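Asks: Sequence:
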Amino acid sequence: MNFERIPKEYTIKRSTAFFTPETVPKALLSLHNTAPGVYGQICVMNGTLSYYGFANKDDSHPELTRIIEAGSFTTTPPQYWHRVELSEDAIFNINFWSEPK
Numbered sequence: 001m002n003f004e005r006i007p008k009e010y011t012i013k014r015s016t017a018f019f020t021p022e023t024v025p026k027a028l029l030s031l032h033n034t035a036p037g038v039y040g041q042i043c044v045m046n047g048t049l050s051y052y053g054f055a056n057k058d059d060s061h062p063e064l065t066r067i068i069e070a071g072s073f074t075t076t077p078p079q080y081w082h083r084v085e086l087s088e089d090a091i092f093n094i095n096f097w098s099e100p101k
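1 is the number of the first residue of the sequence shown in the numbering used here; add one for each residue after it.
Any given hint might turn out to be false.
DSS-like mimics (lysine-lysine), calculated; alpha carbons at most 25 Å apart, straight line [unchecked claim]: (1) K13 with K26; (2) K13 with K101; (3) K57 with K26; (4) K101 with K8.
Taking CB as the label site, the calculated pair distances span [unchecked claim]: (5) P100 with S30: 29 to 35 Å; (6) P25 with I67: 18 to 24 Å; (7) D58 with K13: 26 to 32 Å; (8) S60 with R14: 26 to 32 Å.
In short, the hints are calculated from the structure, not lab data. Predicted model only: the values in this text are computed from it and were never measured. Idealized CB from N, CA, C, for every residue including glycine.
With the hints as constraints, model all of the structure from the sequences given.
Replies: Now the structure itself:
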């Protein structure tokens, strides 16, 4: 998967609260995707987050693995299947970007 940059005209439509291993929604730990036209920006504040990207929802092996350290972020393109794993000390949030309407 070749990750595109978030288009410059897109704006943040919603941001999550900060999640820890104790508060992360279980859905983020299992295979899921973003909505059409929506980019996710995963921002790690503490610890590490492992991001696994899949070519489709039926794949069992990731085509992409990224380790995101504190102070860094990654983006996930619209409708891309992925899941995350957290270190014990991880703190992160997600910004959702879409085209202004």
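Asks: Look at each hint and say if it fits the structure.
Replies: Going down the list of hints, with the structure as the test:
1. For the hint pairing K13 with K26, the CA-to-CA distance comes to about 22 Å; that is within 25 Å, so the pair holds.
2. Taking the CA atoms of K13 and K101, the gap is about 10 Å. The hint holds against a cut of 25 Å.
3. Of the supplied pair hints, the one linking K57 and K26 holds, its CA atoms being roughly 17 Å apart against a limit of 25 Å.
4. Note on K101 and K8: the hinted pairing holds, with a Cα-Cα distance of about 14 Å set against a maximum of 25 Å.
5. The supplied range of 29 to 35 Å is met by P100 and S30, whose beta-carbon atoms lie about 31 Å from each other.
6. Between P25 and I67 the C-beta distance comes to about 21 Å, which sits within the given range of 18 to 24 Å.
7. Look at D58 against K13: about 29 Å separates their beta carbons, and that is inside 26 to 32 Å.
8. As the Cβ distance of S60 to R14 is approximately 30 Å, the hint placing it in 26 to 32 Å holds.
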